[in-house]
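S.K.: On the provided structure of chain A, position chains Z and D as indicated by the hints.
Chains as they are written, first to last, in our numbering: chain A, 1 to 107; chain Z, 1 to 107; chain D, 1 to 107.
None of these hints come from the bench; they were simulated from the model.
Think of the CB as a built atom: it goes at the ideal place given N, C-alpha and C, for glycine as much as any other residue.
Check each hint, because a few of them may be wrong.
From the structure, some residues in chain Z lie toward chain A, with a derived Cβ separation under 10 angstroms [to be verified]: (1) T2; (2) T7; (3) T34; (4) Y61; (5) V68; (6) L69; (7) V76; (8) C78; (9) E80.
Pair ranges (Cβ atoms, derived) [as the list claims (entries may be wrong)]: (10) D:D58 <-> Z:H45: 33 to 41 angstroms; (11) A:D48 <-> Z:D41: 32 to 40 angstroms; (12) Z:D47 <-> A:W40: 32 to 40 angstroms; (13) A:P101 <-> D:P101: 37 to 45 angstroms; (14) A:E43 <-> Z:D41: 44 to 52 angstroms; (15) D:E75 <-> A:S102: 51 to 59 angstroms; (16) Z:P101 <-> D:E93: 39 to 47 angstroms; (17) A:P33 <-> Z:D41: 22 to 30 angstroms; (18) Z:E97 <-> D:D47: 18 to 26 angstroms; (19) A:E43 <-> Z:Q100: 42 to 50 angstroms; (20) D:T59 <-> Z:W40: 41 to 49 angstroms; (21) Z:D47 <-> A:S102: 24 to 32 angstroms.
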Amino acid sequence: MTTVYITAPPEEAERIARVLVEERLAACVNRIPTTSTYRWDGEIHHDDEVVLLAKTTDTVYAELENRVLEIHPHEVPCIERFDESHALESFAEWRGEVTQPSSGESD
Amino acid sequence: MTTVYITAPPEEAERIARVLVEERLAACVNRIPTTSTYRWDGEIHHDDEVVLLAKTTDTVYAELENRVLEIHPHEVPCIERFDESHALESFAEWRGEVTQPSSGESD
Amino acid sequence: MTTVYITAPPEEAERIARVLVEERLAACVNRIPTTSTYRWDGEIHHDDEVVLLAKTTDTVYAELENRVLEIHPHEVPCIERFDESHALESFAEWRGEVTQPSSGESD
Numbered sequence: 001m002t003t004v005y006i007t008a009p010p011e012e013a014e015r016i017a018r019v020l021v022e023e024r025l026a027a028c029v030n031r032i033p034t035t036s037t038y039r040w041d042g043e044i045h046h047d048d049e050v051v052l053l054a055k056t057t058d059t060v061y062a063e064l065e066n067r068v069l070e071i072h073p074h075e076v077p078c079i080e081r082f083d084e085s086h087a088l089e090s091f092a093e094w095r096g097e098v099t100q101p102s103s104g105e106s107d
Numbered sequence: 001m002t003t004v005y006i007t008a009p010p011e012e013a014e015r016i017a018r019v020l021v022e023e024r025l026a027a028c029v030n031r032i033p034t035t036s037t038y039r040w041d042g043e044i045h046h047d048d049e050v051v052l053l054a055k056t057t058d059t060v061y062a063e064l065e066n067r068v069l070e071i072h073p074h075e076v077p078c079i080e081r082f083d084e085s086h087a088l089e090s091f092a093e094w095r096g097e098v099t100q101p102s103s104g105e106s107d
Numbered sequence: 001m002t003t004v005y006i007t008a009p010p011e012e013a014e015r016i017a018r019v020l021v022e023e024r025l026a027a028c029v030n031r032i033p034t035t036s037t038y039r040w041d042g043e044i045h046h047d048d049e050v051v052l053l054a055k056t057t058d059t060v061y062a063e064l065e066n067r068v069l070e071i072h073p074h075e076v077p078c079i080e081r082f083d084e085s086h087a088l089e090s091f092a093e094w095r096g097e098v099t100q101p102s103s104g105e106s107d
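Pulled out of the complex, with its shape left as it was, chain A reads as follows:
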């Protein structure tokens, strides 16, 4: 099972989460407000962002990454894949049932 770590501007986070769940690319998405410290043009910045933790499966990961790239406002968004070494079996089954590669249609 796979958790995808994405950061996005606060005003975009809910839309990205909704698209991933509606299109069955993620079973669920946890959104967490964060402050991001980074360097840009030689200056240190501290921006408000949101971390999205998208719960998905191995088979759907590549499609999820492409879809985030399509709908994310940044050209080089933070999209990282963390593989779980285990997940509660019933929860893993549910994730497999509600995620579907190339589904495209919402319910």
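M.R.: Just chains Z and D, lined up with the frame of chain A:
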């Protein structure tokens, strides 16, 4: 070393964290408020939840998972295991000292 | 690619994040407020802390860990390494460009 990712309703999170630490199944638990987006009965929901990140060890993981299942209000809770590739040695030692399989008794 | 999970007192978190980015030991750091439950001297405590998620590379990890040890107020801080199984290529490249072992000088 192992970090266990659990989500729970806000009103249950502190109790779950306290049980895991009291029963020495986790050395410490970080609780983080989150908004969870998921599909249920064909509708997209956005619920307030809490992410619990329980810091434990390999030997205690199975017992921790069972205990969370016992005390969690949901039938199919999100319980995921992430293995750290490294942890500061002194911090890893502390975790090993304060976690104990089948301890049951609090201090 | 590597994400380093650190916890710190709220009043220290921004300084730690700034040092890591200024000294090119992390490309960026996401800071997230948390409540930490743990046992100390036989009592269960619930403290306000901040989780720092430092985005760095394999080559810089050891140096980052040492630097955090130097500037962190705790003797045994939580410093954990999680390795990503994949990251968006362009994002991974950016991380490689802005992090540098033993750089020491800020821009």
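S.K.: Does the Cβ distance between Z:E97 and D:D47 fall inside 18 to 26 angstroms?
M.R.: holds, 19 angstroms
S.K.: Hey, does the Z:T2 contact hint survive, CB to chain A under 10 angstroms?
M.R.: Because about 8 angstroms separates Z:T2 from the closest Cβ in chain A, which is inside the 10 angstroms limit, the hint holds.
S.K.: Measuring from the C-beta of Z:V68 to each C-beta in chain A, is the shortest one below 10 angstroms?
M.R.: Nearest chain A Cβ about 8 angstroms off; hint holds.
S.K.: Take the C-beta atom of D:D58 and the C-beta atom of Z:H45, compute their distance, and say whether it sits inside 33 to 41 angstroms.
M.R.: With Cβ atoms ~39 angstroms apart, the hint holds.
S.K.: For the range 32 to 40 angstroms, tell me whether the beta carbons of A:D48 and Z:D41 fit it or not.
M.R.: The hint (32 to 40 angstroms, Cβ to Cβ) holds, given that A:D48 and Z:D41 are roughly 33 angstroms apart.
S.K.: Can the suggested window of 39 to 47 angstroms be confirmed for the beta-carbon pair Z:P101 and D:E93?
M.R.: Check passed, 44 angstroms falls within 39 to 47 angstroms.
S.K.: Can the hint on Z:V76 be confirmed by a CB-to-CB distance to chain A that is less than 10 angstroms?
M.R.: This hint holds: Z:V76 lies near chain A, its Cβ roughly 5 angstroms from the closest one there, short of 10 angstroms.
S.K.: How about Z:T34: closest beta carbon in chain A under 10 angstroms, or not?
M.R.: holds, 4 angstroms
S.K.: Quick check on a hinted range of 42 to 50 angstroms for A:E43 and Z:Q100, using CB atoms only.
M.R.: About 49 angstroms separates the Cβ atoms of A:E43 and Z:Q100, which means 42 to 50 angstroms holds.
S.K.: Was the hint right that Z:L69 lines chain A, CB cutoff 10 angstroms?
M.R.: holds, 7 angstroms
S.K.: Does 24 to 32 angstroms hold as the CB distance between Z:D47 and A:S102, or does it fail?
M.R.: holds, 28 angstroms
S.K.: Can you verify the interface hint for Z:T7: is its Cβ closer than 10 angstroms to any Cβ in chain A?
M.R.: Check passed: Cβ of Z:T7 comes within 7 angstroms of chain A, closer than 10 angstroms.
Of the hints listed earlier, there is not a single one the structure fails to meet.
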